[in-house]
Structure formats: C-alpha cells, structure tokens
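Protein chains: 2
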Amino acid sequence: MAQEIVLYWGEGSTPCWRVMIALEEKGLSNYTSKRLAFEKMEHKSAEVMALNPRGQLPTFKFEEKIINESCAACMFLECKFKDQGNQLTPTSCDEKAKMFQRLFEGLTLGQKLGEVIYYDWKVPEGERHESAKTRNREALRAELQLWEGYMAKETGPYIAGKTFSLADVIIFPSIAYAFYLGLCPKRFPKLAQYHDMVKERPSINKTWFSAWKDNNKDTLKDI
Amino acid sequence: MAQEIVLYWGEGSTPCWRVMIALEEKGLSNYTSKRLAFEKMEHKSAEVMALNPRGQLPTFKFEEKIINESCAACMFLECKFKDQGNQLTPTSCDEKAKMFQRLFEGLTLGQKLGEVIYYDWKVPEGERHESAKTRNREALRAELQLWEGYMAKETGPYIAGKTFSLADVIIFPSIAYAFYLGLCPKRFPKLAQYHDMVKERPSINKTWFSAWKDNNKDTLKDI
Chain W
3 MAQEIVLYWG EGSTPCWRVM IALEEKGLSN YTSKRLAFEK MEHKSAEVMA
53 LNPRGQLPTF KFEEKIINES CAACMFLECK FKDQGNQLTP TSCDEKAKMF
103 QRLFEGLTLG QKLGEVIYYD WKVPEGERHE SAKTRNREAL RAELQLWEGY
153 MAKETGPYIA GKTFSLADVI IFPSIAYAFY LGLCPKRFPK LAQYHDMVKE
203 RPSINKTWFS AWKDNNKDTL KDI
Chain C
3 MAQEIVLYWG EGSTPCWRVM IALEEKGLSN YTSKRLAFEK MEHKSAEVMA
53 LNPRGQLPTF KFEEKIINES CAACMFLECK FKDQGNQLTP TSCDEKAKMF
103 QRLFEGLTLG QKLGEVIYYD WKVPEGERHE SAKTRNREAL RAELQLWEGY
153 MAKETGPYIA GKTFSLADVI IFPSIAYAFY LGLCPKRFPK LAQYHDMVKE
203 RPSINKTWFS AWKDNNKDTL KDI
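If you're matching them up, the sequences are chains W and C in order. Per this note's numbering, the first sequence starts with residue 3, numbered consecutively. Per this note's numbering, the second sequence starts with residue 3, numbered consecutively.
Simulated from the structure, these hints should not be mistaken for laboratory data. If you're wondering where the values come from, they're calculated on a predicted model, not measured in any experiment. Just to be clear, a hint being listed does not mean it is correct.
Identical chains share a label here; the pair holds if one copy fits it or two copies do between them.
Stated by the list, open to error - Listed next, the in silico DSSO-like pairs over lysine-lysine satisfying Cα-Cα at most 30 Å (straight line):
1. Lys155 to Lys67
2. Lys36 to Lys223
3. Lys223 to Lys124
4. Lys42 to Lys82
5. Lys42 to Lys135
For reference, chain W alone in the conformation it holds in the complex (with noise of 0.2 Å):
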C-alpha cells in the first residue's frame, strides 16, 4: 500500500518532519517522497495548490485521500496502521490524555519557536520592533523552560511518559530545531537529555534534514 501515498515537503520544515516520522514509525518507508524548494517557491505551484489551498508543506496524499494537516496526517496513519511498525498512541484513555495534553501544547512550543525564528520574514521592515523581539524571545524561553520542568517531572524519558508517542512525533522536531539553532544544552539539560536519546531513533535519524547535520547556528545560543 505504500506506494500510494506521495508526500510534498521542504527542508527544514517541522511539520513535514512530523510526518516523514510518523511513516517510518509504521513501516510505510517505501512512499512517494517529492522534496520541493520553500526557496523557488514550489510550496505554490501549480501541483501543490490542487491538493492543497493553503499552499503549504507538508501536502500529503494517501490513495484518494487529502490530508494536509501535519498532526492530522500522523494521527491518520497511526489510525489506518494501527497494528503496523511501533503503536504511538498508548491504550488507556488516561494516559492518552497526558498525550494529547502535550500535543496541543506542542503547538504553541512551534509557533514561540517560529515567532522567534521567522520574524524578520514574517514582519515587514517597517513594523519591526526590536521589544517585540525581545518580548518573542523571553516567550520563548518561558515555554522552554515549562517543557523543562515537565521532562523533570515525567514518570519516562518520553514527552508523554515511558513511551514514545505521537506527542514525541508532533514535537521533537521543534526540539531538534531549537538545538540546531544553538539553544544551550546546559540550560535545559532535560531537554538536552531528550533530545539526545530521541536522535537517534531509527525513524528520526533517517529522516534528520541534511541541512541540519552540519554545525549548529547561534540564533538561540542566549534563550
């Protein structure tokens, strides 16, 4: 069934990440990968914007199916290949509460994380504040340091427990991106912990940017 399915994604991009590792997790690694350029604008081509409006990345086709939405398609495939590859939601309804808790939350870690990242792109040069840049950037590091305090407190290595999980899925790629761009492992040394041992996941490590695997950047050295 594998080679019915296509994925559009972009280099660097966390969302398209989430669903490269979702696949592998279910053992559908033989897909259709198109890699497009964020860069020569192929996110809004012609191919892209029939499957999906938004003209965003990840676009994502299984058989007839449109599922663009990068948590929506991990859940998906977690659905449809339930007893496939690695079981990423556990049985219980209480600890897919925990789950689900720190997947929603996840989103707001992707969008601090991208507020700070993206601004000079996002933001036009004339609307730009250097205290709304410091104002990102301290929200950033606020949320971090929640994440922080949650890795301490978790009863296993995992975001949502002893588990990895689709909670691991949806958000180690902002924690992988947030390291890449200097975050400071002794400043969130839980995180640094996770982010570690994750890495070197088979489905992460497969499907690692290869942008990424030269040194890290600094943007986030001082958060």
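Add chain C to chain W, keeping to what the hints say.
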C-alpha cells in the same frame, strides 16, 4: 462520576466553550462549574496556577487528572465516555482523517481570529501599525473564505460531514464568535447557515455565553 469534574472557565473564551460543549454532549452536565473573571485576573490566581502553570482558562480537572488544553480535554472526554451521550468521533479512519484535518485547521482559524480581535491587547501601543491590522484582517478574510468553500463542498451539514463531531466542538465557538462580532452572513452564507443550525443544538444553546446574547457588535462587519 460527574461530580468529580471541575471546569474553571471565563466568559467569552472560545477554548473554554469547547470543553463546556463536550461535557454537555457526553451527558456530563452535572460538573462543578467555576466561572472566573478575566478582568479581575482570576485566571492567574493561586488556585488556578496550582493546577495550570500557564495560568490560562480552561483549567480542567477530572478526578485527579488535570487536562488544561481544551482540545485534549474534549478528546479525553470522548475517549472516556465513548458510549455515553453523543458519539463525537466517526468510526472509520477515513472519516476520522477528515475530522482531524478540519479540527487542526480550526486552530489556525482561531489564531487568525485572535490576531484581529485582540490586536490592541496583544501589541503594545508603540508597536502598533495600521498596515499590520489591515494584513491581519485580510488574512482572516482569506481564512474565512476557505472555510466558506469547505462548507459549500461538504457532503453533510457539519464541519466534517454528516455528523456533529469533535471538529464542530472545536470550531463552532470560533464561527459563533465571528458572527457575534458582526461577520456578514450574506458574504459567508454557508457559514451562516451552519451557524444558524448548530446554535440551536442543546449543548450549544445551553452553554452560550450570556454576554453574547445582546446585540451583535460590528468589529468584523467589513471582513
């Protein structure tokens, strides 16, 4: 079991409303309802902060379990009370895919709505720009047009098709907020039709914010 459920909520908060709707849908109307006042900063009170380090509403407690993210709380209730009240999740993975696609896209709608409505509250006076306000309003218009298109193509009257689902629980409050703030029904006829039908649903009607029962505002009339 309903007496072991506590919801801290605030008037006018669409995330709070989601949880109130889900509780009614699952036949759990006998929960402990703690209405707090945002204007008195009660969401930052010690009582809330002890349960929710973000100091946000909803803050939701189910027995000893704390689930503060509104979508996660709704998904947990649906899981825990699968066979009680109304079923809010379709059974097939294909239908679930559509529901999750819309549910997560709904968060984008909520975000774009917030960027228009709360601009002056979010952005300090010295950083405000008319150009940003215009851009935010245009982004909201485009987003609402996308949803108008979705509803026009939909095979059923609800957000994700033939049955009322978690997608409606998550998204309806944003649609209702937009119309309360003066969104023009003639410009968005399919969304208006959806709004007028769903607002009569018992779970929605019963939980409608009392402040929203007066005349409509005109904040969004030109969108």
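As a check of your reading, is Lys42 near Lys135 (CA-CA no more than 30 Å) within one copy, between copies, both or neither?
Answer is both; intra-copy 28 Å and inter-copy 29 Å each pass.
Is it within a copy, between copies, both, or neither that the alpha carbon of Lys155 lies no farther than 30 Å from that of Lys67?
Between copies only: 15 Å across, 40 Å inside.
For Lys223 vs Lys124, is the C-alpha pair at or below 30 Å within one copy, between two copies, both, or neither?
both (21 Å within a copy, 26 Å between copies)
Between Lys42 and Lys82, at a C-alpha cutoff of 30 Å, which is it: within one copy, between copies, both, or neither?
For Lys42 and Lys82, the Cα distance exceeds 30 Å both inside one copy (34 Å) and across copies (47 Å).
State whether the alpha carbon distance between Lys36 and Lys223 is at most 30 Å within one copy, between copies, both, or neither.
neither (33 Å within a copy, 42 Å between copies)
Of the numbered hints listed earlier, those contradicted by the structure are 2 and 4.
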